Each structure stands twice: as C-alpha cells, then as structure tokens.
Amino acid sequence: MELILAVVSGLLFAASFYLLLRRNLLRFVIGIIILGNAVNLLIFTMGRLTREVPPVIPYGQKTIEGAYANPLPQALILTAIVISFGLLAFTLVLIYRNYTVSETVDADNLMASEPKRDVDLQTEDKRLPA
Amino acid sequence: MKVLLVLPVIIPALTGILTLLLRRSRRAQRVLSVLGATALLGASSVILWNVQTEGIQVAQMGDWAAPFGITLVADAFSAGLITISAFVALAVAVYALRGMDVEREFFGFHTLLHLLMMGINGAFITGDLFNMYVWFEVLLIASFVLLVLGNEERQLDGAVKYVGINLVASVSFLTAIGLLYGFTGSLNFADIATSMGNIREAGLEATIAALFLVGFGIKAGLFPLYFWLPASYHTPPAPVSAIFAGLLTKVGVYSLIRIFTLLFPEPTGYTKTLLLVVAGLTMVIGVLGAVTERNVNRLLAFLVISAMGYVVMGLGFFTTLGLAGAVFYIFQDIPVKASLFLIGGVMERETGTTEIGKMGGLYTHRPLLALAFIVPAFSLAGFPPFPGFWGKLTLVQAGLETENYLIVAVALLVGALTLLVVGQLWARAFWSPAREDGLVSTDTFLQRSVLQTPIVVLAVALFAVGLYAQPLFELAHQAATNLTNTAPYIQAVLG
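Those protein sequence lines, which keep their order, are chains A and B. The opening position of the first sequence corresponds to residue 221 in the working numbering, with each subsequent residue numbered one higher. The opening position of the second sequence corresponds to residue 6 in the working numbering, with each subsequent residue numbered one higher.
By construction, these hints were calculated from the structure, which means they are not laboratory data. None of the values given here were measured: they were computed from a predicted structure. Be a bit skeptical, because a hint or two may be false.
Stated by the list, open to error - Rough simulated footprint, nothing fancy, chain B against chain A, three-plus residues with beta-carbon under 8 angstroms:
hint	segment
1	221-229
2	240-248
3	252-266
4	277-286
5	310-317
Unchecked claim - Where chain A lies over chain B, by a calculated footprint (3+ residues, C-beta under 8 angstroms):
hint	segment
6	171-178
7	383-397
Note that the Cβ used here is the ideal one computed from N, Cα and C, for glycine as well.
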C-alpha cells in the first residue's frame, strides 16, 4: 500500500511540474492544485499507514491500549487542504482580474510591472499560449 | 502558562477585526490602527524585557505538554524581531495616515496591515513546524490582498508573479515538513532537534534541508529565486512596500536561520558551501540590479535582495560571531528598508515621478528629508557610524576567522557598489536642481509632517543605534549564542 501511494504521489508531482512550466496561467493554477494534492498524499504516507482502530480513548482510561491509526497526518492534511483551497480561490480571481485588465493569460506577456521595453521582442510569435 | 506571549498575535488580530467592523468610519479605523500598533509595541517590549531578565519564555497552548501541543517560544532572536517589527509597523501606521488613499483605506488597508502583523509575529514566536506553516499562510494571504489593493494594472501583474512563486514556496516548505514528520515523528522544533541528534541518514537529511532552503529562499529572495521581488515590491503604495521590504523577507530568513541552526546543527559540508555561494551571488546580483535601475522603488527592491545575501553569509559561517553579525544585520535592516521605502514614497509624492533622472531639488526644498535619507542609505552601504557598519564589520570579522576570504572580498565589494548606488541616488534626486521652480506637491506643512515624522523618528533611532551599538549588539550576540548552543532552548521548551 505504501508503495502504491508513493508512486501515485510521485506521478502527481511529475504532472504538476509539467503544468507549472507552461506559459498559460490557467495550466499553472491546475499545476498548483495537483501539487497540493501530491504533497497531501506524501504527508499521509509519511505518517505510517496502519489499518488499526481509530485513536479513541475508552471511558475511564488515560491512554489507548494496542495499535491505533495515526490521526495527526489527517489533521495536518485537513488544515493544508483548507489553506490551499482559500489560496486557490484567491489565485483564480486574481488571474481572471488580471485577464480582464491586460487581456492575456500568457506568462511571457505579463509586462505591466516591468520597465517599458524599447523593442517589441515578441512580434513573430502570435500563436495562442500553450 | 504565560499569557503575555499570546499578545503579539492577539493584539493585531483584535485590531484587525475591530477596524473591519468599523470600516465605514475612516477616522475610527485610523485611531484604532495607530493605537493597536502602539499596544503591540508595548507588549513586544515587555516580552523582550522578560527575555532579557528571565531567559527564554515559553507558553504551551491549552496546557498541553511540549511535543503534543503548540508551543510559543520567545528567545532573544524572536523577541528582538517582534519588538523591531512592531516599531516599524507603528511607523508605517502613522505614515499611512497621509500616505494612503481614501479608497484603499475603505477597502481595508488597516485591517490587512494588522492581520499581516499577526502572521509575521506568529511565525516569529511559534515553536512548532506546522504552526509556522499556518502563520506563513496567514501572512501570505494578507500580503496578497495588500499587494492587489487598489487594482492597478501593474499591481495585478506584480501580484500574479508574487502569488505564483509563493504558492510553490509554501508547497516546498510543506513537503519538507511532511518528510521531517515521517523522519522524526514530531513537529515541535525542540523535540525534532533532540531526535535529529540520534538519526544519521545523510541523504534524506540533505533532501529535507534543500526543500527548506528552496521554500524559505523564495520568501527571502535569495539568488536564483529572487526574480519575483523586483517585479512586485515597487507596485503597491509606499506604506505597503515599506512593510513588505522591512518584514516579509526577514520572516523567510528568520525561518532559515532557526531551522538550519536548530534542526540541522551539524551541517553537511556542501550545505555550508552552498549557503555561502548563494549568499555571494545574492549580494552581487542585487547590487548590480540596483546599479542599472532608473526607477527609485525598483532600485530599492534590488537593494532588499542584496541585503539578504549578508544575512545568509552570516548563517553560512555557522559560528557564534557569524550568527551574531547576521542577527544584528537583520535587526538594523528592518527599519532601514522600511524607512527607505517610506522616503521613496515621499520622493515620488513631492516630485511627481519615480524616475531618478527626472527628480531633483529635494535638498533645497526638503532638507530634513534629505538628512533623514542619509541614515538608512549609508547604513545600507555599511558606512560608519551607521548601524549597518557594525553588522558588516562583525560579518567580515567572522569571515576572516573562518578563513572564507573570497566571500569577505565579495561582501566588501558589494558594500562599495551599494555606496555608489545610494550616492548616485542622493546626487540625482536630492542634490541636482529641480526641473521647475519648486516641487509639484501641494501638501500643507501639517500633512507633510505626518509623512515625515515616522521617517525622522526611524532615522534618529538608527543613528542612535549606530553611535551606541552595544545594547543591540549584545542582544544579537545573546541570540546567536542561543542559536549555536541549542540546549537552553530545548530545555526551556521540553522542560
């Protein structure tokens, strides 16, 4: 089981890196989503996978007896999911807002905050961004 | 449980919430914002005093014993940082009374400023790895919104770059946390530090260290990962740039120092070399960018990068003296960078341009501003008797002691180039005659004094520290001693 999860996590990392390297900002955002899931899976795997009882302490006792499933990675992942969800919503709105102003989602054409160029370097490339 | 340690997080949170509730009244927001910043400075100073007199302060949240609950820790390093940050936040809050436009104030500038301070303070005083990640996200989301507040095209463009790269940085940091948790089974700094001593697996350790270095390196603007910084820091209004330049990169570099001294106390050979190489390249690239830049705010953004190089250089030596130099450099660099960006904002306001070549006449018309500019600028260049000189002197001494002559030469050369940059800026913007008779600004004397008071106060404070550096240096040295000898920290947390 750990092996499968490790391989899946690795595949997700690879897919997300491929998407992060695209010039299209929407693909970049999809890459970020996949990257977040890859890391969550990694944390889950690193917390040791055990098929045991939930960590509930019986009434009248102070500790759990025997083996139990580790709840901490799940708590961490839950927090990470919530945070990445919020950031993702913000990023999507930001990219849409930027699109309405500058009318591009091509990372190479985002030049509003850079100094003005004297020569237009991108005249020959008018294709849609990949 | 020491309730005092929670205050640096609670006070800005309360101020943020109250200003949000009172968002219809501009006056109430402003009063609350300044009051909140003052209260924050008070609470932080008390914590710093307690750390100085009683040693490391620890608070366990919810009375859960150390490795299980969330721990807040204040040692000399973090207590010094929260106090200086609060000082700068107060200066920015006062400056924003005049330097911020009405729309931005109504859309929550004050709220966001205090929420940002909450995230920064939380990251400084937490003793828990995952908690640190959460505080990073708090300060990130606040900084994202501060950056786009106002919706100008260049702001949105700068924000796309800043947001994109910072999301990747957070993921790198989170990956490192996941691996380290699987490696040690704990998230508490002190607890991990004790178990790291027993585990020897160089390969995995180096991987985790590299992931931390990438994550914090992006946030601190280190050499190959700095390009987002000059693309975004100059786009928002001056108070926002000032708080970003003063504090955000320092959070990254603080975490870098904390993690690398506490969790990887015996750095493998190439980590040390890597840090020194990164430091040297960061200094050179930053200052070369500044030399060629013709826009005041972009020039200052490049100088933010080159200063980070000095700090990482101090970390790269891994000696008490080197760390003392690094800590001292961070301490004085926070007000220096903040006041430089505030002055940049006034220069833009008074002359109506951000191009250095088109400015002029500031020395004749605003002599006090011209004087106040000299202190942070020359401190940046490492000119005695300004505080930057003492920081650089310590770093150079530490470099000579550890026989890293090349990096010392680079540091001195970069210092000379920085002097060239600020000298040019001074000569063109302040000294050269104005284009027309007088400046374009129509501010009254009172309005101008609101802008200039925080700048002058910061300059006076920096000048005083430069002349009498002993107390701040002793604080930095105490912090460095705690960083190299981690036993008291671990003892204080784990009890």
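Stated coverage of the segment 383-397 of chain B by chain A [criterion: 3+ residues, CB within 8 angstroms]: That given contact is violated, which follows from only 0 residues of the segment 383-397 of chain B lying within Cβ reach (below 8 angstroms) of chain A.
Coverage criterion applied to the segment 310-317 of chain A (partner chain B; beta-carbon cut 8 angstroms; 3 residues): holds (count 5)
Given coverage of the segment 171-178 of chain B by chain A, tested with a Cβ cutoff of 8 angstroms and a minimum of 3 residues: holds (count 4)
Within 8 angstroms of chain B (C-beta), three or more residues of the segment 277-286 of chain A: Three-residue rule not met by the segment 277-286 of chain A, so violated; n is 0.
Check of the segment 221-229 of chain A against chain B for coverage (Cβ-Cβ below 8 angstroms, three residues minimum): Three-residue rule not met by the segment 221-229 of chain A, so violated; n is 0.
8 angstroms C-beta criterion, at least three residues: is the segment 252-266 of chain A covered by chain B: holds (count 8)
Claimed coverage, the segment 240-248 of chain A by chain B - three or more beta carbons nearer than 8 angstroms: holds (count 3)
Of the numbered hints stated above, those contradicted by the structure are hints 1, 4 and 7, listed in ascending order.
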